[in-house]
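K.L.:
Residue numbers (this note's numbering), protein chains in the order written: chain A, 1 to 144; chain B, 1 to 500.
Hints are computed from structural coordinates only; laboratory data are not their basis.
A portion of the hints provided could be inaccurate.
Straight line, CA to CA, 25 Å or less: simulated SDA-like cross-link-like pairs of lysine to any residue [unchecked claim]: (1) 93/A x 84/B; (2) 496/B x 137/A; (3) 259/B x 398/B; (4) 84/A x 104/A.
So you can see what is in the structure, the chains are spelled out below.
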Amino acid sequence: MENRYLVAVEGSEGSRRALTHAIERAKVSNAELLLVHVIDWSPYSFHTPEELSARHKRREEELARARDVVLAPSKKLVDDAGIKSSSEVRHGKGAETLAMMAKDHDVAQIILGRNGESGISSMLFGSTSSKLVQISSVPVLIVP
Amino acid sequence: MLSNRFLITFSAFAVAASPVFAGIDDTINSITAPIASLIGDIVFFSIPVFGAQLPLVVLWLVAGAIFFTLYLGFVSIRGFKHAIELVRGDYSNPNDAGEVSHFQALATAVSGTVGIGNIGGVAVAVTVGGPGATFWMILAGFLGMSTKFVECTLGVKYRQENADGSVSGGPMYFMRDGLAAQGRERLGKFMGTFYAVGIFVGALGIGNMFQSNQAYVQLNTVADGALDGYGWLVGLILAGVVFAVIIGGIKSIAAVTEKIVPLMAVLYCTFAIVVILMNAAYIPAAIGNIFSGAFTPDGVAGGALGALIIGFQRAVFSNEAGIGSASIAHSAVRTNEPVTEGYVSLLEPFIDTIVICTITALVIGTTQVAAPDFAGDATGVAMTSAAFERQIGWFPYVLAIAALLFAFSTMISWSYYGLKGWTYLFGERTQTVYKVIFCVFVALGCMVQLGPILDISDALVFLICVPNILALYFLAPVVKREMNGYLDRIKSGKIKKYGT
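I would like the entire structure built from these sequences, with the hints used as guidance.
P.N.:
Rendered as structure tokens:
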């Protein structure tokens, strides 16, 4: 297990608070941070042929936007606090992707905000955080 | 801005089509019927065999399907399990997440092929060829799996990545580039052009008029004939919606449809199985009829051979194996192993024909045994509807909605396939011209009787099978090489398995 925390970055107020908390924890334990943004995507979805043919290009655009708009400001915050960090963007389902990345990068803990989705959506489908708690192989810290 | 364009064009349609009397339907019909006959006679030039008329083009398709099945060592059976593993994502690299997945390619292609043909075309087959046609349809579905395997592998292998990041692929590309790689450059270019013309014209039949026509018929049946003579109105509305999606760019309609169609397909199959079970007493007899009709010279329109011909015709129409359209859909997948899309595409004729068409055939077949006169004069979708209605009185309404959605999603898919043929020839800039033409034909489809529409659709579709299968013959060795190389790489572990 590395001295590294995985922080889920969504660009929301909740994830901002989670990042702030993660920075404090990282300072205390001299850890590094892995910032991860998950773009909601499922391989089991239905599209028109036109959408499929344009998919590769859209994927590149989504990745670029995630890096520039969502991750960059967060990375700046971490850099300013003097903490070593890296960042990743992935397509997939939130909880499953975070759990997989935590395992791949051998992190000590996952840190994320409580509810990234709207109240109703998380009531009906379960929130990323509650799902993650069930499936993660490493400790999960949910920041309210 | 967009809505202005939409309104103006729509009004133009309405004005052009506004009848003072409902006779417009008959007028158009009387013009198209002779044209349909002429085209049909040319494409379906037949030779007399054992007392039946065998269209050469059907022979061409059957021979091709048999050849590919044997040449690839029954990949339709031996590759089936692997196809499922691929679709499940067992071989999908997590780093590729976000790209087109095998499941998405399959779902899109199936969504395009599962259309009215699965509901209405089967009824036509059974009416013209007797119950035996069902057997030949299933066999055609099985043999067609190998044809699809070849064309979809080639579609990915010879795809073209455009400057704007999108992808273009399909038979015109693998004809032009694949044959050129074999030193047959001029032939490849000619065939590519021929196919491109064929598909943008053919799309107006199978992917357009046939769909809108049958959707209208089912709506009319459910409305108890209240829409008689109003084909032009239904056609205009359908055309309007298609217009909104493909020209207006209102993606939400298509997005909703694409999600509902799979649900409707499952719903349809579920209810069909319910009806079959309700007719359980007649299942043995129905199956008996299928086999006896398939082999004894006792059926209609030329006996067993007639059943074979119509069975094969309707199967191709339904699962599109040999037409090459699916290879356009599959070409969107980015993969180093083109043959993976070949494997995935095996599942399409299986789902479309061996599963869904057979289920429809059994609904009709068992009903025919139970009540031979259940349909009266009804043909096509109306006949299938009557078979369901006998057991579930309200199901025709569900069927009408399903037919509408199936027709709509097939039209959206085929507008794209036809467009690819058009832009291959004329470039991207004249896209809107074709899209407008497409919408006009959606409206026209509702104004003609089933007969001439089916004739025209059939003829055009089978016409493009000719160069397509020819190209597949030339390029089959390429596919076999890809397949064998791929299987070696899997065995040696070079290709990783990520899932269970």
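K.L.:
Quick one: which hint numbers does this structure break? Sort them smallest to largest.
P.N.:
Of the numbered hints, all hold.
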